[in-house]
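Enquirer: One-letter residues, chain by chain:
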Amino acid sequence: MIPKLPIGDLVADLVDWIEFNLGWLLDIITAGFKTVLNGFADILMIIPPLIFIPILAILVYLVSHRNLRLALLSIAGLLLIWNLQLWDLSMMTLALVIASTFIALLIGVPLGILASGNDTFDAVIRVLLDFMQTMPPFVYLIPAVIFFSLGNVPGMIATVIFAMPPAIRLTNLGIRQIPTELIEVADAFGATPRQKLLKVQLPGALPTIMTGVNQCIMLALSMAVIASMIGAAGLGYQVLVGIQRVNIAMGFEAGLAIVILAIILDRVTQSVVR
Amino acid sequence: MDFEEEPEVIIKVNQLFKIFGNDPKRGVEHLRAGRTKQEIFEKTSLIVGLDDVSFEVMKGETFVLMGLSGCGKSTLLRSLNRLIHPTAGEIIIGGRDIVGMNDDEIREFRRDNIGMVFQNFALLPHRSILDNVAFGLEIQGMPLAERHEKSRAALELVGLSGYETSMPDQLSGGMKQRVGLARALAGDAEILLMDEAFSALDPLIRRDMQDELIDLQERLNKTVIFVTHDLDEALKIGNRIALMMDGKIIQVGTAEEILMNPENEYVERFVADVDMTKVLTAKDIMMKADPVIYCKSGPHHAARLMKEFGISSLFVVSQHRILRGIVMLEDVVEAVKHDKKTLEETTIQDIPFVQLDTPISEIIPVIADSRYPLPVLDEDARLKGMIMRSSVLLALARKEPETNDS
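Chains as they are written, first to last, in my numbering: chain A, -5 to 268; chain B, 49 to 454.
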């Protein structure tokens, strides 16, 4: 009989090695993530709900090309969350989602641009993305915990990794889908690669990239909930406690708040595209 | 004919090759060794795009590259601004070989010298019409106010003033291509590359655009390289036409030269369906209108000229050969009998005439209704030649007509 291959042990060794030798890098990442998260969290939490809700409604109204129904729906949903006394938790979750999406886009969009211009890089990253997207989301929690222990930062790390693939894929796709003639226009009029990217490729790919942003946000929201298992704060934690105590009321209310957030985020990002 | 300036060569293409595939230089050697496109593809899987192409384009002319799809015309056009990099040979434009330029040089060259119009318009969908037209100028780094001003002027040139703030998807196909044309013109480039520019338009709009291009050319006098697979279009707008097949230029010449003397069977088949009455114009079939008689001369002089040349009518002209009318033999004889001093009473005025560029299709009804030879005039009513019924028939029989070679 063939002995069991020691894949698990090898990965464990690798993790040990990283922890021991790259501790400084992990610290830097932790500090960076914390800063971004706290920034968004502070802004969202410091504003009282009665001021926040109308501001958000106006914002929704404007970015959605004056969709009054969507604005009213957002007001109703947020008032319900406030009424259920889940405001602070919801803002925490929102901060996690926004911060994670922000970082995922910050890394994902440039990688997508790179992949669109380089077939070798595209082939490599495609395999990696397939791997990342088929891996069950819970698995991301393990290295996150090992490297960053418990709390919001490992939650964010897992969320960023989970939410990034669509940003890369759709940026890449959006740029590659631009008709050859438009690329020729840029070249024929003497555009530099940078001008071509900024004036032709990115604007042309924007609708597709925005679809990527939408998916990125939705994935971030689902992962931000799961990440409560490793100590990420917010509505997810409330659901988790509800499960542990078999408290249906508590779990359902938190779940409802997540659904409301999801609907608002989804509708807003989708209507930006159109 | 008028005295013409010695034309200046603006583009000179010398033994240009383009091979697609790995290690394309091999393909050039195979071609030089006399192997065919097909043989090379079977042996090396290299694809021959251009095979030893040489030609010259004169400043201010409309030069048409024509052939069936896959003949290499688009490849050749794209070589001229190096959207496609030739494998071997040289392209001299304005005294510089663009094949050897590095990336920065070619960018600079494209910005300053060449405008391009695309088959499917290729407008940037996220930009207003004005900003689309301004695209090339923006790339050059021109400040906003200046480039908008120039773009407005270019839009006016193509008859699209008032659409500045529209978006591309609000415009019809013909209007989109006007925008494409305006974009190419905005930068004041000397050379205009047009790739099947009107092929995506429906026939009526297409004809309008062809007329418009001819019109614009008269005012702007750019050097236009126009790719098309449509012979009628080529004949209509081209000063000279290059017929291509299998990456080679088979024949270069004016519409008449190609129609009258097809180089080989391929060209002959290509031009077989052309309606000659629309292609050939008065200047192609007219004969010399000599002798003529000056309007102050007397009937005796007219009678002697008619006798000497054995003709029965004479055109009467004033200074600079401006046409006054025609005198017929029987009237002249009558005038001589009555000892008239001038031809004034004898001259038949208001006779039908045609212009130099009137096509045969329009000449036929005129000449059928007229008892006289048909005078051919230029814009200033000067007599340039004349057309007899026989000259029309000769032209339609595709024989080389007598031409005016003065």
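Hints are computed from structural coordinates only; laboratory data are not their basis. Treat the numbers as computed from the prediction; the structure is a model and nothing was measured. Just so you know, even glycine gets a beta-carbon here, dropped at the ideal spot from N, CA and C. Mixed in with the good hints, there may be bad ones.
[As the list claims (entries may be wrong)] Once the Cα atoms are required to be at most 16 Å apart in a straight line, the calculated EDC-like pairs of lysine to aspartate or glutamate come out as:
| hint | chain 1 | residue 1 | chain 2 | residue 2 |
| --- | --- | --- | --- | --- |
| 1 | B | 284 | B | 109 |
| 2 | A | 190 | B | 156 |
| 3 | A | 190 | B | 338 |
| 4 | A | 190 | B | 186 |
| 5 | B | 355 | B | 338 |
| 6 | A | 190 | B | 152 |
[Unchecked claim] Derived Cβ-Cβ restraints for the label pairs, each shown as a range:
| hint | chain 1 | residue 1 | chain 2 | residue 2 | range |
| --- | --- | --- | --- | --- | --- |
| 7 | A | 118 | B | 60 | 23 to 31 Å |
| 8 | A | 42 | B | 207 | 44 to 52 Å |
| 9 | B | 95 | A | 114 | 37 to 45 Å |
| 10 | A | 171 | B | 69 | 54 to 62 Å |
| 11 | A | 260 | B | 74 | 54 to 62 Å |
| 12 | B | 173 | A | 70 | 31 to 39 Å |
| 13 | A | 256 | B | 176 | 30 to 38 Å |
| 14 | B | 95 | A | 140 | 51 to 59 Å |
| 15 | A | 140 | B | 212 | 36 to 44 Å |
| 16 | B | 404 | A | 201 | 30 to 38 Å |
| 17 | B | 150 | A | 45 | 36 to 44 Å |
Enquirer: Each of the hints needs a verdict: does it hold here or not?
Expert: Status of the hints after comparison with the structure:
1. For a cut-off of 16 Å, the pair hint linking residue 284 of chain B to residue 109 of chain B stands: about 13 Å separates their Cα positions.
2. Our distance criterion of 16 Å between C-alpha atoms is met by residue 190 of chain A and residue 156 of chain B, whose separation comes to about 15 Å.
3. As the CA atoms of residue 190 of chain A and residue 338 of chain B are separated by approximately 63 Å, the hinted pair breaks the 16 Å bound.
4. Distance restraint check for residue 190 of chain A and residue 186 of chain B: the Cα-Cα separation of roughly 12 Å lies within the 16 Å cut-off, and the hinted pair is therefore satisfied.
5. Using a Cα cut-off of 16 Å, the hinted pair residue 355 of chain B and residue 338 of chain B holds, with the two alpha carbons roughly 14 Å apart.
6. Proposed proximity of residue 190 of chain A and residue 152 of chain B is supported: the alpha carbons are some 14 Å apart, at most 16 Å.
7. For the hinted restraint 23 to 31 Å between residue 118 of chain A and residue 60 of chain B, the CB-CB distance of approximately 46 Å leaves it violated.
8. Distance hint check: the CB atoms of residue 42 of chain A and residue 207 of chain B are about 59 Å apart, inconsistent with the given range 44 to 52 Å.
9. The supplied range of 37 to 45 Å is broken by residue 95 of chain B and residue 114 of chain A, whose beta-carbon atoms lie about 24 Å from each other.
10. Hint check: residue 171 of chain A to residue 69 of chain B, Cβ distance near 26 Å, so the stated range 54 to 62 Å is violated.
11. Between residue 260 of chain A and residue 74 of chain B, the C-beta spacing of about 56 Å keeps the proposed range 54 to 62 Å intact.
12. Remark: the range hint 31 to 39 Å for residue 173 of chain B to residue 70 of chain A is upheld by a beta-carbon distance near 36 Å.
13. Between residue 256 of chain A and residue 176 of chain B, the C-beta spacing of about 36 Å keeps the proposed range 30 to 38 Å intact.
14. Distance hint for residue 95 of chain B and residue 140 of chain A: a CB-CB separation of about 55 Å, consistent with the stated range 51 to 59 Å.
15. The supplied range of 36 to 44 Å is broken by residue 140 of chain A and residue 212 of chain B, whose beta-carbon atoms lie about 60 Å from each other.
16. The supplied range of 30 to 38 Å is broken by residue 404 of chain B and residue 201 of chain A, whose beta-carbon atoms lie about 54 Å from each other.
17. Between residue 150 of chain B and residue 45 of chain A the C-beta distance comes to about 59 Å, which lies outside the given range of 36 to 44 Å.
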